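Visitor: If you want the building blocks of each chain, they are given just below.
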Amino acid sequence: MEDTAIKVEGVSKIFKLPHEKNTSVKSALINFHKRDRSYEMQKALQDISFEVKKGEFFGIVGRNGSGKSTLLKLLAGIYTPTSGAIQVNGSLTPFIELGVGFNTELTGRENVFLNGALLGFNRKDMHKMYKDIVGFAELEKFMDQKLKNYSSGMQVRLAFSIAIRAKSDILLIDEVLAVGDTAFQAKCSEYFRDIKNSRQTVVLVTHDMKAVNKYCNRALVLDNGQIQMIGDPKQATEIYDEINRFSLLEEPEKLMASEDYVESGAKVIKVTVREASSKEERKFFKYGEYIDISIKYRLSQDIKDAIIDIGLRYGKEGQYYFYSTTKYWKIKVGGKKGSIITLNCRLKNIFNAGRFHLVTSMFSPKRGGQLFTMNRRAAKLEMGEPPLSGVVVPDHKINVVTEGNKHDS
Amino acid sequence: MFLRVFSKKNRALLAELVRTDFKLRYQGSALGYAWSLLRPLLLFVILYIVFVKFLKLGNGVPHYPVYLLLGIILWNFFIEMTTQSLTSIVGRGDLIRKIRIPRWIIILSNSISALINLFLNLIVVVFFLLINHVDLLKTSLWLPLILFEVYILALGLSLFLSAAFVKYRDIQYIWEVILQAGFYLTPILYPLARITNLTFQKLLMLNPMAQAIQDARYSSITHQTTTIYGLFEGGWYKFIPFMIVAVIFITGLAYFRKESKYFAENI
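Residue numbers (our numbering), protein chains in the order written: chain F, 1 to 409; chain R, 1001 to 1267.
In short, the hints are calculated from the structure, not lab data. Remember, predicted model here, so these are calculated numbers, not experimental data. Keep in mind that the hints are not guaranteed to be accurate.
[Claimed, not checked] With a straight-line cut-off of 30 Å between C-alpha atoms, the simulated BS3-like cross-links for lysine-lysine are:
(1) F/141 with R/1023
(2) R/1167 with F/16
(3) F/146 with R/1009
(4) F/267 with F/296
(5) F/53 with R/1009
(6) F/146 with F/167
(7) R/1023 with F/146
[Claimed, not checked] A few chain F residues that don't get close to chain R, going by computed Cβ distances all over 10 Å:
(8) 12
(9) 80
(10) 103
(11) 122
(12) 123
(13) 165
(14) 193
(15) 198
(16) 226
(17) 307
(18) 345
(19) 347
(20) 370
(21) 371
(22) 395
Where a beta carbon is used, it is the ideal one built from N, C-alpha and C, also for glycine.
Given these sequences and hints, build the entire structure.
Guide: What follows is the structure, encoded as structure tokens:
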């Protein structure tokens, strides 16, 4: 126990998400006697146990929605676990966001003292550190100006400069280092190296595997609220990559070009691609396998009549190897605002090897009608090498008949 | 437990939150902090003109304007503290969701801001006491205890209301209505003696705010004030307001402690 900094035992966290939130007394009274109030129980974390040793740089990695931020908030004592126990030895400072509590109506100087107090420093400590903080942030000239006149970069610099003064036994860091320009990033990595060398206990939550490999002694991989593994960062990287490979729900590409993406009236909310016989989500398909594609659209307005199309393009800008529409199948598409439409499509992989992009759109059948949504990067598929060459290898049979004189053998 | 509550860290944070609150309060106004004293002064002028010159409500009560002012100041303190606390947990959601600070510190910092304001207002009351040549009463020594009672009542309600507001947003409007009703059910503007039915008088005085305001007036302005002790004479009923305060405080604290674990996810 002596050398343990954090001990997590069998922790689960379930969020109760009411379908219709009872935020008024009236609805609470009306629904009071109804025992069947509809809740969605969202299991954010299930049966998590691990230990962080003193002096360890511990990484927690996982994709968006894997539960890593929930875990961090539980460790920080912001959330209370539904079951299980968390034991923390020593003082702990969480950095979930830089500059928490910054008030734009106050001057830079006043904000330094306020933010310092939130990190556990009193005025005396802050007076001693004030010069260093301002110097490190390179904001000497601006300290008596109101924070609202700072650029966002200046605010981040000031916040970071205060944050690194925190002297706790344990630091909990969320992906705060993912902000700022290159020069600022350099300062961040310098700080990380320093705390690593000083044998400070750190828990870093991130999806940046480079940072994990660079700084962490050990790492925990989280997926769907469960621990996939705990151990060596290298091994963690492999497992993490594996998880990513099999997840077809693509991370939203932030800088998706506008010609690739339209959203006006409807939106693609989920794309899943499975192998038909095993039902497993996949990205790679061998020749001849059946692919089940399922796309969910949410309507943000009433749509009476629409056509959905779906296609596979070779490469980003390449040719359509496959294209089909609901019109061809004589399916009527439409719904009220808020409804969710799921399109299922099964097709056989007859394509040549290579990377394909799943493209889909929803549009009005009228001539020159409205484009409700379009997504040219709905998913990426990787096809395996077919036994023959050619752009596609369709189902075919070869039959040879020879008439006339046969060679006698 | 108590030591941990008032650890060095928490005290520093509390001081900083109160300081920030005061800096922001009169932000951008030309007179700034002077408003803290100007507001009760101007209030006094209004009360004097309306109630002493026009309505002549206070005939028979010595030093009626100051008597009125003290009542209103105590009531305003009660309103300020409870209404500001009510929204404070939700209002500070950014802190609660992102760092680990004791949740009660937010309520406490609010209550201290309100207390500071109350003391500034009381300075104005003292000033008028002196101008009016009111004899300093020995019973004034009781005043801190009476203020303490009001503070504990307001704190208990603040804890309860702020925690309930996280879940039920209607609380804000309900509380507004209750305060309105409370204002007329408490002898703030009218002297209690104006109510001729003795039973009603007694019922009104069971309200802790009525009891406290009358006690404050009795102890520091004039002994001609009707108090609960005079009304009930020997009966144990006179302790009901204190019991109400105790029950509200304990309930508020318990509810807040239970709910505060889930503030971060419910806000």
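Visitor: Each hint: holds or not?
Guide: Now the hints, each set against the structure:
A C-alpha spacing of about 22 Å is found between residue 141 of chain F and residue 1023 of chain R, which places the hinted pair at or below 30 Å, so the restraint holds. Distance restraint check for residue 1167 of chain R and residue 16 of chain F: the Cα-Cα separation of roughly 13 Å lies within the 30 Å cut-off, and the hinted pair is therefore satisfied. This hinted pair checks out: residue 146 of chain F and residue 1009 of chain R have alpha carbons roughly 26 Å apart, not beyond 30 Å. Between residue 267 of chain F and residue 296 of chain F the alpha-carbon distance is near 8 Å, which keeps this suggested pair within the 30 Å criterion.
Proximity of residue 53 of chain F to residue 1009 of chain R is assessed by CA-CA distance (about 26 Å); at most 30 Å being required, the pair is judged to hold. Of the supplied pair hints, the one linking residue 146 of chain F and residue 167 of chain F holds, its CA atoms being roughly 27 Å apart against a limit of 30 Å. Restraint check: the Cα-Cα separation between residue 1023 of chain R and residue 146 of chain F comes to about 12 Å, which is no more than 30 Å; the hinted pair holds. Chain R leaves residue 12 of chain F outside its interface by the beta-carbon criterion, the shortest separation being 14 Å against a cut-off of 10 Å.
With a least beta-carbon separation of about 4 Å from chain R, residue 80 of chain F fails to lie farther than 10 Å from that chain, contradicting its non-interface assignment. Its closest Cβ contact with chain R, about 7 Å, brings residue 103 of chain F to no more than 10 Å, contrary to its assignment away from the interface. At roughly 4 Å from the closest C-beta of chain R, the C-beta of residue 122 of chain F falls inside 10 Å, breaking its exclusion from the interface. With a minimum CB-CB distance of about 7 Å to chain R, residue 123 of chain F fails to clear the 10 Å threshold, and the non-interface call is violated.
The beta carbon of residue 165 of chain F sits about 14 Å from the closest Cβ of chain R, which is more than 10 Å, so the claim that it is off the interface holds. Under the 10 Å C-beta cut-off, the non-interface status given to residue 193 of chain F relative to chain R holds; the minimum distance is some 25 Å. For residue 198 of chain F, the shortest C-beta to C-beta distance to chain R comes to about 22 Å, beyond the 10 Å cut-off, and the non-interface label holds. The claim that residue 226 of chain F lies off the interface holds: its Cβ sits roughly 20 Å from the closest Cβ of chain R, which is beyond the 10 Å cut-off.
Listed as outside the interface, residue 307 of chain F is consistent with that label: its C-beta sits roughly 42 Å from the nearest C-beta of chain R, beyond the 10 Å cut-off. The Cβ of residue 345 of chain F lies farther than 10 Å from every Cβ of chain R, with a closest approach of about 38 Å, so its non-interface assignment holds. At the 10 Å boundary, the C-beta of residue 347 of chain F stays outside the reach of chain R, the nearest C-beta of that chain being 43 Å off. Separation of residue 370 of chain F from chain R is adequate, the least Cβ-Cβ distance of about 38 Å exceeding the 10 Å criterion.
The non-interface label for residue 371 of chain F is consistent with chain R: the shortest C-beta to C-beta separation is roughly 38 Å, beyond 10 Å. With a closest Cβ-Cβ approach of about 54 Å to chain R, residue 395 of chain F is found to remain outside the 10 Å limit, as its non-interface label requires.
Of the numbered hints listed earlier, those contradicted by the structure are 9, 10, 11 and 12.
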